[in-house]
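Asks: Using the hints, position chain B against chain A.
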Amino acid sequence: METTEEVRAAVLKYVKAEYLEDDDQEIDCDTALISGGIVDSFSMVSLKRFLENRYKIQIPDDKATPEAFDSVNKITSLVETFVAGKV
Amino acid sequence: MAFTNPVREHYQKDLDALRSAGIFKVERYIHSAQGADIEVEFPAGAAHKKVINMCANNYLGLSSHPDVIQAARTGLDTRGYGMSSVRFICGTQDIHRELERRMTEFLGTEDTILFPSCMDANAGVFEAILDDSDVMISDRLVHASIVDGIRLCKAQRDTFKHANMEHLEEKLKLHSDKRLMVVITDGVFSMDGDTPPLDTMAALCEKYGAMLFVDESHSSGFIGKTGRGTHEKYGVVGKIDIITTTFGKALGGASGGCVSGRKEIVELCRQKARPYLFSNTIAPVVVSGVLRVLDLLSKSTELRDKLEKNAAYWRKGLTEAGFVLKNGDTPIVPVMLFNAKLAQDFSRDLFDEGIYAIGFFFPVVPKGQARIRTQLSAAHETHHLDKALAAFIKVGKKYGILGKTKEEIVAMYGL
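Going line by line, the protein sequences match chains A and B.
Under our numbering, think of the first position of the first sequence as 1, with each following residue one higher.
Under our numbering, think of the first position of the second sequence as 88, with each following residue one higher.
So here's chain A without its partners, still in its complex pose (with noise of 0.2 Å):
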């Protein structure tokens, strides 16, 4: 079981290295993904399958929402729940 900052660490570059284009300018584990229009809704898809197959959960697509995956910290805490079988 990782440590929440080993997750948080994990998601900050999954999403630096899937989503940020060269002249991007840094994000952090607060930045706006989804409102901020670094991620669409599309490629969210790629995202919620890297936690899933990362992290051994599956997330319901109820869950997966914009407002769930709108930054690494929001991310962080969706895993944690369901890492937990808290859901």
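Since the hints were made in silico from the structure, they are not lab data.
One should not assume that every hint holds.
As the list claims (entries may be wrong) - Some chain B residues close to chain A (C-beta under 8 Å, calculated; not the full set):
#1 ASP245
#2 THR246
#3 LYS248
#4 PHE449
#5 PRO453
What the hints assert, rightly or not - Across the chosen pairs, the derived CB separations fall in these ranges:
#6 PRO284/B with ARG49/A: 24 to 30 Å
#7 LYS16/A with LYS350/B: 39 to 45 Å
#8 SER35/A with LEU163/B: 47 to 53 Å
#9 ASP124/B with PRO66/A: 42 to 48 Å
#10 LEU412/B with SER35/A: 45 to 51 Å
#11 TYR400/B with PRO66/A: 42 to 48 Å
#12 ARG49/A with GLN99/B: 52 to 58 Å
#13 GLY325/B with ASP28/A: 45 to 51 Å
#14 LYS112/B with ARG49/A: 46 to 52 Å
As the list claims (entries may be wrong) - Heads up, simulated DSS-like pairs for lysine-lysine below, C-alpha to C-alpha not over 25 Å straight-line:
#15 LYS454/B with LYS48/A
#16 LYS413/B with LYS63/A
#17 LYS74/A with LYS454/B
#18 LYS265/B with LYS56/A
#19 LYS260/B with LYS48/A
#20 LYS56/A with LYS260/B
#21 LYS485/B with LYS16/A
#22 LYS48/A with LYS265/B
#23 LYS16/A with LYS454/B
#24 LYS241/B with LYS16/A
#25 LYS13/A with LYS260/B
#26 LYS241/B with LYS265/B
#27 LYS16/A with LYS493/B
#28 LYS48/A with LYS241/B
Owing to the predicted nature of the structure, the values given are computational and were not obtained by experimental measurement.
Cβ coordinates follow ideal geometry from the N, Cα and C atoms, glycine included.
Replies: Same frame as chain A, but now just chain B:
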């Protein structure tokens, strides 16, 4: 009456939210035919103003070409005004099929089907040919009509970084277990004016067994040596499985679009694509005009050659003046201002100087990427471009951005 005051207030709040966010669009009324010189009423009720149009998709200057107008007039006389039917009931004339054949020849494909618009072509094609066993892998900057088409289709979705072939290859590997894969891109990206490396894309699609879809709306008629499109520029004519394009831009500028490509895909669209089945096709008068456009383009490359020269002249002038431009070699030349308010103010000041060019900002382009998108036309003469350049320089000086880098402009105005 169901439209009660609370309902009205609900919608008024929606409209107010658009106004407060600075994204409420106001149309400008043009009191002349489309062209390099137009007469505009703006704001509504103001005296008409003669301006140079630097933001139309009238790339070849054919929107008001006398031969096209005459052909449309003849079409009106011989085939009538409307069909009052969808294609498969009694809405297909000989000229509709003739235009499909001519587009097939022009684009170098196997077959073509007309749609009421390219928006409809993009909205209908994916649902007609894919299901949930398949995957659509699209460039992240494809046009909104493609995004809508993808939304309407049950196939799985993924995206790749804009024109990034390494990322595309990763995605092709990732989805190689799917039944069918379609890679989706624009030929020329309308906001940036750049083209993806279609030769590399076609090779990757061949390597991984994927189909390739290209929207050629901002390239049909003028990109490539004979104006066939981006696939001609990159030497992959015959290798694109699905092309969509429009007759609403370079090819006469009226309306209508098509899907052109593999004959089985075209036939499936004819059988299943909902915007084709449930809407009248292109009006006879427009079909007649487009047929004449294709005659003109098949005879000579004069117009696309002039457009290419105009684009190079304009790009050189702006660069020498010290503007930050998006790299590219198409007639779409974005002048980068980065800040949304600056883009709007710049556009307004240009209008005062007699130049019509619109500012674009989020959500149409990414945040911090606001710009004035200029578009060249074969209808522009050198004097138009010189006058427009002088206006750009005057307004650029006013805001102190000439010779400044992106970082310096952002430091002055913010993102």
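Asks: So, for every hint listed, does it hold in this structure?
Replies: Going through the hints against the structure:
The criterion of a C-beta within 8 Å of any C-beta in chain A is met by ASP245/B, whose closest approach is roughly 6 Å, and the hint holds. Checking THR246/B against chain A by beta carbon gives a least distance of about 4 Å; that is within 8 Å, so the hint holds. Taken as an interface hint, LYS248/B checks out: its beta carbon lies about 6 Å from the nearest beta carbon of chain A, inside 8 Å. Interface hint status for PHE449/B: upheld, as the beta-carbon distance to the closest one in chain A is roughly 6 Å, under 8 Å.
The interface hint given for PRO453/B holds, since its Cβ lies 5 Å from the closest Cβ of chain A, which is under the 8 Å cut-off. About 27 Å separates the C-beta atoms of PRO284/B and ARG49/A, a value consistent with the hinted range of 24 to 30 Å. The beta-carbon spacing between LYS16/A and LYS350/B, approximately 44 Å, falls within the hinted interval of 39 to 45 Å. Separated by about 49 Å at the C-beta atoms, SER35/A and LEU163/B satisfy the suggested range of 47 to 53 Å.
At about 45 Å, the CB distance of ASP124/B to PRO66/A agrees with the hint of 42 to 48 Å. The beta-carbon spacing between LEU412/B and SER35/A, approximately 29 Å, falls outside the hinted interval of 45 to 51 Å. The hint said 42 to 48 Å for the Cβ distance between TYR400/B and PRO66/A, and at roughly 44 Å that hint holds. At roughly 41 Å, the beta carbons of ARG49/A and GLN99/B sit outside the given window of 52 to 58 Å.
Distance hint for GLY325/B and ASP28/A: a CB-CB separation of about 48 Å, consistent with the stated range 45 to 51 Å. A hinted range of 46 to 52 Å is violated for the C-beta pair LYS112/B and ARG49/A, which are about 36 Å apart. For a cut-off of 25 Å, the pair hint linking LYS454/B to LYS48/A stands: about 24 Å separates their Cα positions. Distance hint between LYS413/B and LYS63/A is unfulfilled; the C-alpha atoms sit about 39 Å from each other, more than 25 Å.
For the hint pairing LYS74/A with LYS454/B, the CA-to-CA distance comes to about 21 Å; that is within 25 Å, so the pair holds. Distance restraint check for LYS265/B and LYS56/A: the Cα-Cα separation of roughly 21 Å lies within the 25 Å cut-off, and the hinted pair is therefore satisfied. Proposed proximity of LYS260/B and LYS48/A is supported: the alpha carbons are some 18 Å apart, at most 25 Å. Between LYS56/A and LYS260/B the CA atoms are separated by roughly 21 Å; this keeps the pair inside 25 Å, and the hint holds.
Only pairs whose Cα atoms come within 25 Å are accepted, and LYS485/B paired with LYS16/A is rejected, the gap being roughly 38 Å. The hinted pair formed by LYS48/A and LYS265/B meets the criterion: a straight-line CA distance of about 18 Å does not exceed 25 Å. Between the alpha carbons of LYS16/A and LYS454/B the distance comes to roughly 17 Å, so the proposed pair stays at or under 25 Å and holds. For the hint pairing LYS241/B with LYS16/A, the CA-to-CA distance comes to about 28 Å; that exceeds 25 Å, so the pair is violated.
For the given pair, LYS13/A sits about 21 Å from LYS260/B by alpha-carbon distance, which is consistent with the 25 Å threshold. This hinted pair checks out: LYS241/B and LYS265/B have alpha carbons roughly 13 Å apart, not beyond 25 Å. As the CA atoms of LYS16/A and LYS493/B are separated by approximately 22 Å, the hinted pair is consistent with the 25 Å bound. Our distance criterion of 25 Å between C-alpha atoms is met by LYS48/A and LYS241/B, whose separation comes to about 18 Å.
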